[in-house]
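Participant: Here's the letter readout for the chains.
Protein chains: 2
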Amino acid sequence: MYNSKAYAAASAASPLASTTVSRRDPAGHDVQIEILFCGICHSDLHQVRNEWSSLIPTVYPCVPGHEIVGRVTRVGSSVTGFKPGDLAAVGCLVDSDRTCPECQAGLEQFCPNLTLTYNFPDKHLGGVTYGGYSDSIVVDERFVLHVPSNLDLAGAAPLLCAGITTYSPMRHWGVTKGKKVGVVGLGGLGHMGVKFAHALGAHVVVFTTSPNKMDDALRLGADEVIVSRNAGEMQKHSGSFDFILDAVSAGHDINAYIQLLRRDGNLTLVGAPEIPLPVASFGLLFARRSLSGSLIGGIAETQEMLDFCSAHDITADVEVIPIQKVNEAFDRMLKADVKYRFSIDMASLKSE
Amino acid sequence: MYNSKAYAAASAASPLASTTVSRRDPAGHDVQIEILFCGICHSDLHQVRNEWSSLIPTVYPCVPGHEIVGRVTRVGSSVTGFKPGDLAAVGCLVDSDRTCPECQAGLEQFCPNLTLTYNFPDKHLGGVTYGGYSDSIVVDERFVLHVPSNLDLAGAAPLLCAGITTYSPMRHWGVTKGKKVGVVGLGGLGHMGVKFAHALGAHVVVFTTSPNKMDDALRLGADEVIVSRNAGEMQKHSGSFDFILDAVSAGHDINAYIQLLRRDGNLTLVGAPEIPLPVASFGLLFARRSLSGSLIGGIAETQEMLDFCSAHDITADVEVIPIQKVNEAFDRMLKADVKYRFSIDMASLKSE
Chain A
1 MYNSKAYAAA
11 SAASPLASTT
21 VSRRDPAGHD
31 VQIEILFCGI
41 CHSDLHQVRN
51 EWSSLIPTVY
61 PCVPGHEIVG
71 RVTRVGSSVT
81 GFKPGDLAAV
91 GCLVDSDRTC
101 PECQAGLEQF
111 CPNLTLTYNF
121 PDKHLGGVTY
131 GGYSDSIVVD
141 ERFVLHVPSN
151 LDLAGAAPLL
161 CAGITTYSPM
171 RHWGVTKGKK
181 VGVVGLGGLG
191 HMGVKFAHAL
201 GAHVVVFTTS
211 PNKMDDALRL
221 GADEVIVSRN
231 AGEMQKHSGS
241 FDFILDAVSA
251 GHDINAYIQL
261 LRRDGNLTLV
271 GAPEIPLPVA
281 SFGLLFARRS
291 LSGSLIGGIA
301 ETQEMLDFCS
311 AHDITADVEV
321 IPIQKVNEAF
331 DRMLKADVKY
341 RFSIDMASLK
351 SE
Chain B
353 MYNSKAYAAA
363 SAASPLASTT
373 VSRRDPAGHD
383 VQIEILFCGI
393 CHSDLHQVRN
403 EWSSLIPTVY
413 PCVPGHEIVG
423 RVTRVGSSVT
433 GFKPGDLAAV
443 GCLVDSDRTC
453 PECQAGLEQF
463 CPNLTLTYNF
473 PDKHLGGVTY
483 GGYSDSIVVD
493 ERFVLHVPSN
503 LDLAGAAPLL
513 CAGITTYSPM
523 RHWGVTKGKK
533 VGVVGLGGLG
543 HMGVKFAHAL
553 GAHVVVFTTS
563 PNKMDDALRL
573 GADEVIVSRN
583 AGEMQKHSGS
593 FDFILDAVSA
603 GHDINAYIQL
613 LRRDGNLTLV
623 GAPEIPLPVA
633 SFGLLFARRS
643 LSGSLIGGIA
653 ETQEMLDFCS
663 AHDITADVEV
673 IPIQKVNEAF
683 DRMLKADVKY
693 RFSIDMASLK
703 SE
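Those protein sequences? They're chains A and B, same order as listed.
Residue numbers are given in the numbering used here: position 128 of the first sequence equals residue 128, and the series is strictly consecutive.
Take the position in the second sequence, starting the count at 1, then add 352; the result is the number in the numbering used here.
No lab work stands behind these hints: they were computed from the structure.
Careful, some of the hints might be misleading.
[Unchecked claim] In silico SDA-like links for lysine to any residue, alpha-carbon gap of 20 Å or less:
#, chain 1, residue 1, chain 2, residue 2
1, B, 588, B, 602
2, A, 5, A, 351
3, B, 357, B, 370
4, A, 179, B, 357
5, A, 179, B, 452
6, A, 123, A, 25
7, B, 529, B, 465
8, A, 179, A, 128
9, B, 475, B, 374
10, B, 691, B, 407
11, B, 529, A, 78
12, B, 531, A, 105
13, B, 531, B, 555
14, A, 236, B, 465
15, A, 123, A, 177
16, B, 531, A, 101
17, A, 236, B, 464
18, A, 179, B, 588
19, B, 588, A, 112
20, A, 236, B, 452
21, A, 179, B, 457
22, A, 177, B, 453
23, B, 357, B, 464
24, B, 588, A, 113
25, A, 339, A, 179
26, A, 335, A, 236
27, A, 236, B, 407
[To be verified] Covered stretches of chain B (chain A as the covering partner; in silico rule of three or more C-beta atoms under 8 Å from a C-beta of chain A):
#, stretch
28, 608–622
29, 634–645
Glycine residues also receive a C-beta, built at the ideal position from the N, C-alpha and C atoms.
Extracted from the complex, chain A is given alone in its bound form (with noise of 0.2 Å):
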């Protein structure tokens, strides 16, 4: 065991404040990280506030971060796929149980057996795994990713959260060229949505509340910008959407996206409304539409996606904080004041 500096929550209305947290080592498959640069989700808030207690408790200190990038350091003496120096990458999944058919399916995301990268009970040291907001991670080589060379590291860590999020469904439902994508919400996860949309070679449509996004969402790669209230501009485009991605995490009216899809067209929420969407049947009747959801993706696809993004030149919006300014950064993401992701300069946590 070594001892490695973090930014840990020690309950759920504390600050995050700078601590030590007990990290294994590396031994076997395992690869021990520098992190570089781990970006902030929003589930690292609702996790640190114990927001989600009902679906899985906060055990404290909580340690956040599933967005993790850096370099190798260490690694054990049966590992095959990395040495020090090599570039690397930490999404949501630390471990699963490698053998169950969504394992076997390259679906890690749904083993029953999963380990999570944060607050998640911890198979070798017990307690609870701790994430990256941290100087250093211990992670088993099957869960860590290689990050192509040409990527930002700042940009790329968002990729392994906000990135795979929006990347897998696309691959999913078939997202191609030809086909016409709408993104719903233009935030963290709704901006890497339309990259991806747009390289993947749709015609790309951003639905926004706030007028002010169109420049932006046009930089990003939209086609075209809709603004959602304007219901007279949402009933041109009535049947006529392959694919929308919802990433919204309010509650919304969904039926008025829904109406957009053609036949056999599909919605997928990523954002996670706390509160049930009302959903008019004959909404999903009249043209075998499909409401679905996603989550993250499996390991093999979240180096798919990481090396779609080298050939795209595909990377997140983000702005780079010290971890000092990390509770700061909170408080904006709720007020969805940033474009489009914050990035953790791990550099910043030397000085602690």
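Here the structure of chain A is known, so what remains is to put chain B in place on it, guided by the hints.
Facilitator: Okay, now just chain B, sitting in the frame of chain A:
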């Protein structure tokens, strides 16, 4: 033109009563059919009482009926697929534009220019189309089905709506041998769903609120019956279903069923609850589940379904009534007092 005996409602508040309506003489591709049986569908009642006025206002007099089985009496000079004496059937559609992408895909039910069998603008005679509560109908041969000779005609009539409505989504979502399939709601639609899922080789589980339907569900082909109020019983099946057919037309807790789906499982609505159903996003996200709707089926698939019924000896369980009892049947249908579909013996119309 000629006169056809029929039962029609004169207003939303009127009972159905004997009348005559005009039909066109069969010309070109037209097939004239002597109607022998017509099933009673819940949508007949909705439309007769103008309960779908926002969707499709009812024009009076209204002759409902779109589960039509009969015998060909005359054919137009261009008809190639039917001859007098042939058994024939007509479902919910009597025409479409035949050129749009939906028609090209064999999905005439989604054609933007379709013609429904009743209460829809009649391109030939003006006014609206008149349905199957009548002794005769004239329909373009491209919308007439062949009825396999081994099927009981009274029980075959409901196949044209209840049958195809449940068969089509099972085929679309890949119900086959080895799949675990749920059917929610054991009524006119649901009982057909059980028969089809069983014949397709699936392990069939019926969900019901009425323990007294258990024996009947098993007789129809269910392998298991779950009383849906029993939370413990429901929990045991969590994450295990490939497909669930939801044939409930009242509001109900759909999330309880969504959580029973395995990864990539689908729940298809074929009932049409009038109030929106609250859908919890987490249930969809956690296993990439989907919720969709389905609406009857195309003409080719309807013929495929009838041929499947012939091969597997499937018809609806019907209570045959004379047309004079149709108003009473409507009232009993509202109380779910029928096992499982009324089929009107149209010979009874001769005495009117």
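Participant: Is the hinted pair residue 588/B and residue 602/B satisfied, with a Cα-Cα distance of at most 20 Å?
Facilitator: 25 Å, violated
Participant: Are the Cα atoms of residue 588/B and residue 113/A separated by 20 Å or less?
Facilitator: 18 Å, holds
Participant: Are residue 236/A and residue 464/B close enough, with their CA atoms no more than 20 Å apart?
Facilitator: 15 Å, holds
Participant: Using C-beta distances, would you say chain A covers the stretch 608–622 of chain B, given that this needs three or more residues below 8 Å?
Facilitator: It holds, with 4 qualifying residues against the three required.
Participant: Going straight from one Cα to the other, do residue 335/A and residue 236/A come out at no more than 20 Å?
Facilitator: 31 Å, violated
Participant: Can the restraint linking residue 179/A and residue 588/B be considered satisfied, given a maximum Cα separation of 20 Å?
Facilitator: Between residue 179/A and residue 588/B the Cα gap is close to 40 Å, so the pair fails against 20 Å, i.e. violated.
Participant: Is the hinted pair residue 123/A and residue 177/A satisfied, with a Cα-Cα distance of at most 20 Å?
Facilitator: 44 Å, violated
Participant: Sort out whether residue 453/B lies within 20 Å of residue 177/A, counting only the CA atoms.
Facilitator: Holds: residue 177/A and residue 453/B sit about 19 Å apart, inside 20 Å.
Participant: Against the 20 Å threshold, does the CA-CA distance of residue 123/A and residue 25/A hold or violate the hint?
Facilitator: Holds, because 14 Å separates the two Cα atoms, which is no more than 20 Å.
Participant: Does residue 465/B sit within 20 Å of residue 236/A, going by the straight-line distance between their CA atoms?
Facilitator: Between residue 236/A and residue 465/B the Cα gap is close to 18 Å, so the pair holds against 20 Å.
Participant: Regarding the pair residue 179/A and residue 128/A, is the alpha-carbon distance no greater than 20 Å?
Facilitator: Status violated; Cα separation ~43 Å.
Participant: Regarding the pair residue 236/A and residue 452/B, is the alpha-carbon distance no greater than 20 Å?
Facilitator: At roughly 19 Å apart (the allowed maximum being 20 Å), residue 452/B and residue 236/A satisfy the hint.
Taken one by one, the earlier hints fail for this structure at numbers 1, 4, 7, 8, 10, 11, 15, 18, 23, 25, 26, listed in ascending order.
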